[in-house]
Amino acid sequence: MCLTHNFWQLTISGLSDGFLYALIALGYTLVYGVLQLINFAHSEVFMAGGFGGLFAIQAVVGDKTPHGITSVMFVLLGVVVGAIVGGAVAFVLERVAYRPLRRRHAPKLAFLISAIGASLFLVNIAGKEFGRQAIPMPDLYTNGTVFSIFGADVQTNYVVVAIAAAVMLVFLDRLVAKTRLGQGIRAVAQDADTASLMGVNIDRVISQTFVIGGLLGGAAGFLFGLVFNVQNNMGFIPGVKAFTAAVLGGIGNIRGAVLGGLLLGVVENLGVSCVESAWRDVIAFGILVLVLLFRPTGLLGERLGRSA
Amino acid sequence: MEIKTMVRAAVPLALGAVVLAGCSSSSSGGTGNGGGKKTFAIAYQGPLSGDNAQLGINMDNAVKLAVKQANDKGDLPFTLKFVDADDQGTPDGGPPAAQKLIGESDVIAVIGPAFSGATKASEPLFSQAHLLSVSPSATNPNLTSLGFSTFFRVVPPDDAQGKEAANYLAKVVKAKKVYSVDDKSEYGVGLSGVLEPQLKTDGVTVIHDGIPPTKDYSAEAQKVKGANPDAVYYSGYYADFALFTKALKAAGYKGPLMGGDGDKDTQYVVQAGAANAEGTLFSCPCSDATVDPKAKDFAAAYKAEYNADPGTYSPESYDATNAVISVLKGLGANPTRQQVADAFKTVDFQGLTKEIKFAPNGEVAGTTIFIYQVKAGKIVVVGTTADLIK
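Respectively, the protein sequence lines represent chains A and B. Sequential numbering from 1 applies to the first sequence in this note's numbering. Sequential numbering from 1001 applies to the second sequence in this note's numbering.
Just chain B, with the same shape it has in the complex:
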């Protein structure tokens, strides 16, 4: 009897344990007080651990770099420091991470959260605390219509990406039948929810499947192969897309594969294996700092600091941070959270990736979508959809 009770208790306990296992946080303090000036912190929130940590680390590094450069310039009326909070990119990781940042009184603005699900869960807290949050990468279309008063993002929503990706598949890849898979996350469902209607509008047959992240995609790959589509689009994150790609290739699927911005990371190529990843396409509202001439200095500084090339959304994070710093400068030596959030509404800052100014709902102006492709084991930019789709 005792044993049976134990077994019954064991599964939920083990599940709880794993959730706990995920909880780890890191923060790195900035420099101390300089010359009696007040110290404020610019925070980053995003995944620093977990399966998709690399996307978060790309951003974390860029924010840290922007803060460091601003301090080094020495023209700030205060000292900036950098803190970060790990939300693991999950909705349930969001609120604790946000709460941690809100609780630190010197945090004056947040760059992030990175992922859409975590953003949706965190923003009510930021709004309540009047704390500005500028996401470099949360692209779920709904986020700006949920009434979050201090939320902005420097990337266009998936409305734009999904539509452009659909048009690209229909008009450039010339697919007649597309197998659209999402990972059932806030982000994935949002993206496939825009992609699929647009594909249908373009006269493409759509088969939909939702696959919550798993390791074993072999059954799904067989399903895809059985449906014999002209192209597969995956709305989700790179770690899962890599395994899905592997399974698809093993099942003998040879057609084009395409993913969204969450899939575009060099780790995708590593984890799927270069041979499997070759030729995979990505749509992304992100510019590539390693090839963009405007971003040359940034890319060099990033490389010098972290001994790695800037990754997906590094330049956007850098821009977001610098836009926030430009606003802070205008507010004098002692800005409040509310002042920063209010002033950011009217920011007009020329960043590396775009001119950063916002519609009243927090949506950035301009919607350039890039197409990338894995060529010879590297993710290279093919062009903007505006140029590619004629």
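Okay, chain A solo, but in the shape it has when bound:
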């Protein structure tokens, strides 16, 4: 009863959330694929993208809300700047927080601590520099209902997020499946030692993987900021959710991350229609636990190398 009421509306807003989770989840999954490392600082790459996009937009948008083609250009600009900042932060992160450890063959736990340290550092440096208040993104378009489907209103926000995310997801999928760079990533994911014997430059591939994850995460940060707002600690919750999505779909698996993200978004949104909103996360994570009980490697299984 409660599910049918508002079903499509909640599914649509859930998909919009899910696309964002998917974009972030890819950052976790790609890095996990090549390094078997959960990059907990990835949520801050996301945050950095949000701030990058925010500042770019603040610099170019005046008091008036733009519309039409100008809106599209501004959104594109925000996505691109967010992605570049995210990619840059991810690149530096890999160089500073992970590569030195890898050189010294540090145990896995050291990487984890390094990740958490980097995450805390970035959250707080952003808080110090940009304040700890939430900062709204200037309006880039008038958010309203674009069209209705099954009686549900589809808002501009959803359309923007869905299109931007879908383009990037398809692009990434092709990149990993078809290009030389993608081959390198898959090779390292499958067996790093053998890959290096075959002439793959592991350091470079890892660095590139971080940057790709960072580009997606940064773009997601901008889109998130556009729909909600930008704040120094904005990455934590979406980061945890995206990590969950990655595990749900099968960590290390690109399509799994997308599936997991969309699924988590929809389940969360539908869940609150039945019970008090306080149960939102309980439902989402309850389902995660159930899935993992029956499929410990996630819905689509683990390996990046095999399935992509």
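In case anyone wonders, no lab produced these hints; they're calculated from the structure. Glycine included, C-beta positions come from ideal geometry on N, C-alpha and C. There's no promise every hint is true.
[Unchecked claim] The following label-pair restraints were derived from C-beta to C-beta distances:
{"id": "1", "chain 1": "A", "residue 1": "Thr142", "chain 2": "B", "residue 2": "Lys1296", "range": "56 to 64 Å"}
{"id": "2", "chain 1": "B", "residue 1": "Gly1203", "chain 2": "A", "residue 2": "Phe285", "range": "34 to 42 Å"}
{"id": "3", "chain 1": "B", "residue 1": "Gly1377", "chain 2": "A", "residue 2": "Ile69", "range": "27 to 35 Å"}
{"id": "4", "chain 1": "A", "residue 1": "Val289", "chain 2": "B", "residue 2": "Ala1227", "range": "28 to 36 Å"}
{"id": "5", "chain 1": "A", "residue 1": "Ile69", "chain 2": "B", "residue 2": "Ala1386", "range": "50 to 58 Å"}
{"id": "6", "chain 1": "B", "residue 1": "Asp1348", "chain 2": "A", "residue 2": "Thr142", "range": "50 to 58 Å"}
[As the list claims (entries may be wrong)] Keeping only pairs whose Cα atoms sit at most 20 Å apart, straight-line, the calculated EDC-like set for lysine to aspartate or glutamate is:
{"id": "7", "chain 1": "B", "residue 1": "Lys1184", "chain 2": "A", "residue 2": "Asp281"}
{"id": "8", "chain 1": "B", "residue 1": "Lys1215", "chain 2": "A", "residue 2": "Asp281"}
{"id": "9", "chain 1": "B", "residue 1": "Lys1378", "chain 2": "A", "residue 2": "Asp63"}
[Said to hold, decoys possible] Taking beta-carbon pairs under 10 Å as the criterion, some of the chain A residues facing chain B (in silico):
{"id": "10", "residue": "Asn6"}
{"id": "11", "residue": "Thr65"}
{"id": "12", "residue": "Gly131"}
{"id": "13", "residue": "Pro138"}
{"id": "14", "residue": "Asn143"}
{"id": "15", "residue": "Asn157"}
{"id": "16", "residue": "Val227"}
{"id": "17", "residue": "Met234"}
{"id": "18", "residue": "Asn269"}
{"id": "19", "residue": "Gly271"}
{"id": "20", "residue": "Ser273"}
Based on the hints, put chain B in the right spot on chain A.
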């Protein structure tokens, strides 16, 4: 195997890390010793970082200003300094912040804690240390019935605010169906817990939902829109109310929105966007220093010092501090914490916002509730509920 263990350890670790990330504290020392007089500190405890820091900063500034003015006057038998402790407005941030202040031996009285949850968690420590704590803003009704011996507050509890807000919705907004949302915090639940029964008494249908703070309120907004209420009341804090407002407007909800004192901050308008915030109502036991003629000097001094207008609960904090200073003056050059706490029970001080004197349980006398509204992007006072509800 190793990796799986790592992943399993990782989530709680990351959670712990974020808690740690929140821990930062700031304190600003006052002036040094003057002419052999002893130095005592008046402390402020409240959120100075975190999502709702602005409310805390409004108060921190006002307390600091009152201390500075008292020193500058030069008629004190001791020198006052100011310290503060950041509790982030959270229950778990309360005790460490309180402990920090208790540990500083020159702290003679505390203004704060600011938020109800943090107050509930901190007061047992203050009571134990016999350290006076005067909250300018913690409005949860239960706080004065928990046996805290050194707790006072200069604002009426949410009993008054919730009732008046409910009456306003029923009789002035003329809502037949109200969607009441709280943020599941000590404060939010307390406020909605008073609001909802009163609404029912007034013959209004109430739909309740509790939403712990989140960024994404779109599902909730759809729920609200689907229920088609005449008004929405949010019991929580401004950062969340701003996002909720945004989501409600995006979902196409057009009816009146109302929030409590925790929602009333200029940051609400900034974060929700002026167009979305326009028309939002607030109930608040707080007076507005920028329009109240009695508070003109204070507002000017505040502006000169901080280059910003006094905010929500700035005048109440200023009053609380001055009431404490008036008590300190009466105790001579060397008061003890216990003496201050005892003497404060009988204080009778004419402040900017009200006459500050207390019932034995620490509740301030008088319960004026104001209604505010966002008009042309600014939060302006509409009037007192006593005048508005006829």
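Identify every previously stated hint that the structure contradicts and give their numbers, smallest first. 1
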